[in-house]
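Dock chain D against chain B, hints included.
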Amino acid sequence: MIVELTSDPIDVPRLIAHVNQPSNGGICTFLGVVRDNAEGRPVVKLGYEAYESMAVAQMRTIVEEAMQRWDLDAVALSHRTGELQIGEASVAIAVGAPHRAEAFEACRYIIDTLKTRVPIWKKEFFKDGAVWVEPVSSQPSAS
Amino acid sequence: MAGTKPPPSASPAVAPAAISVRVLFFASLADLMGERRRTLNLPAGSTIADALRDMATDVPDLAVRAPHVSFAVNEAFVTADAPLSDGDELALIPPVSGG
Chain B
20 MIVELTSDPI
30 DVPRLIAHVN
40 QPSNGGICTF
50 LGVVRDNAEG
60 RPVVKLGYEA
70 YESMAVAQMR
80 TIVEEAMQRW
90 DLDAVALSHR
100 TGELQIGEAS
110 VAIAVGAPHR
120 AEAFEACRYI
130 IDTLKTRVPI
140 WKKEFFKDGA
150 VWVEPVSSQP
160 SAS
Chain D
1150 MAGTKPPPSA
1160 SPAVAPAAIS
1170 VRVLFFASLA
1180 DLMGERRRTL
1190 NLPAGSTIAD
1200 ALRDMATDVP
1210 DLAVRAPHVS
1220 FAVNEAFVTA
1230 DAPLSDGDEL
1240 ALIPPVSGG
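First to last, the protein sequences are chains B and D. For what it's worth, the working numbering labels the leading residue of the first sequence as 20, then goes sequentially. For what it's worth, the working numbering labels the leading residue of the second sequence as 1150, then goes sequentially.
Honestly, I wouldn't trust all of these hints.
Some chain D residues well away from chain B (every beta-carbon gap over 10 Å; in silico) [claimed, not checked]: (1) Ala-1167; (2) Gly-1194; (3) Ser-1195; (4) Asp-1199; (5) Met-1204; (6) Asp-1207; (7) Val-1208; (8) Asp-1210; (9) Asp-1237.
Pairwise CB distance ranges (calculated) [claimed, not checked]: (10) Ala-149/B - Val-1213/D: 19 to 27 Å; (11) Asn-39/B - Ala-1229/D: 39 to 47 Å; (12) Arg-1186/D - Asp-55/B: 31 to 39 Å.
To be clear, the hints were calculated from the coordinates, so they are not data collected in a lab. Note that the Cβ used here is the ideal one computed from N, Cα and C, for glycine as well.
Pulled out of the complex, with its shape left as it was, chain B reads as follows (with noise of 0.2 Å):
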């Protein structure tokens, strides 16, 4: 398993040959990248903030649960913090799995979860200003 946080580029080739093992048969990606636009208005770049020791556990937790649900051997999950250009990937998954229903629901599982409870803020960068992104629907609950 990788897990992990990093101010570098993710190094997606890494990820992939981490979960490239000889029993899998499929391996699933996802990247988030950085869009130029926010509901249409020019986004110049984002910048990512962590509270990187709970993020890093909220993710292990998260690929753990993804590992167990669909039997996997091999999981990868990068996301970046700091600042962020056009076209960068701020999240990279990497699932490998014997056949691709389970990689496609466990990347998908992977990415929806880490949305909703992993403590991470995106801020975006306008050429007159910058807001923190704030979706009130994904505000984690205590369970």
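Below, chain D without anything else, positioned relative to chain B:
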């Protein structure tokens, strides 16, 4: 540090009358508070809600934001009625936007 002095005479160790909690602020809450962390001294038995009331005396807008804030104590999500202990790390977590 609170609680490091030995108890007086031969009385058994008791919980300190005051606790010290490290509070972390992130993203928009760091902007609001004008700092990323502070140490808060509170009466023993205080909850997160008590800590928020204490901090909102300096920054009233914190009370406005509180309904949309989640809380973690020592990196585990908890609710606002959770009790705090001496030495705890309390993180105020605005709605997350990773990915």
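Ala-149/B paired with Val-1213/D, Cβ distance criterion 19 to 27 Å: 21 Å, holds
Chain B versus Ala-1167/D - minimum CB to CB distance exceeding 10 Å, so not interface: Non-interface label on Ala-1167/D holds, nearest chain B Cβ at 26 Å vs cutoff 10 Å.
Using Cβ atoms and 10 Å as the threshold, tell me whether Met-1204/D really stays out of contact range of chain B. 18 Å, holds
Within 31 to 39 Å or not, the Cβ separation of Arg-1186/D and Asp-55/B? 34 Å, holds
Verify this label for me: Asp-1199/D is non-interface relative to chain B, using a Cβ-Cβ cutoff of 10 Å. 17 Å, holds
Could you let me know if the closest chain B CB is still more than 10 Å away from the CB of Gly-1194/D? 20 Å, holds
Given as non-interface: Ser-1195/D, partner chain B, CB spacing beyond 10 Å: 18 Å, holds
Would you say Asp-1210/D is clear of chain B, with no C-beta pair closer than or equal to 10 Å? At about 14 Å from chain B, Asp-1210/D clears the 10 Å cut-off, so the statement holds.
Regarding the assertion that Asp-1207/D does not contact chain B, is the least Cβ-Cβ distance greater than 10 Å? Consistent with the label, Asp-1207/D stays out of reach of chain B, its closest Cβ about 21 Å off (over 10 Å).
Range agreement (Cβ of Ala-1229/D with Cβ of Asn-39/B, hint 39 to 47 Å): 45 Å, holds
Can we confirm that no CB of chain B comes within 10 Å of the CB of Asp-1237/D? 14 Å, holds
Cβ separation check - Val-1208/D to all of chain B, threshold 10 Å: The claim holds: Val-1208/D sits with its nearest Cβ about 17 Å from chain B, beyond 10 Å.
Hint check: no violations occur; every hint is consistent with the structure.
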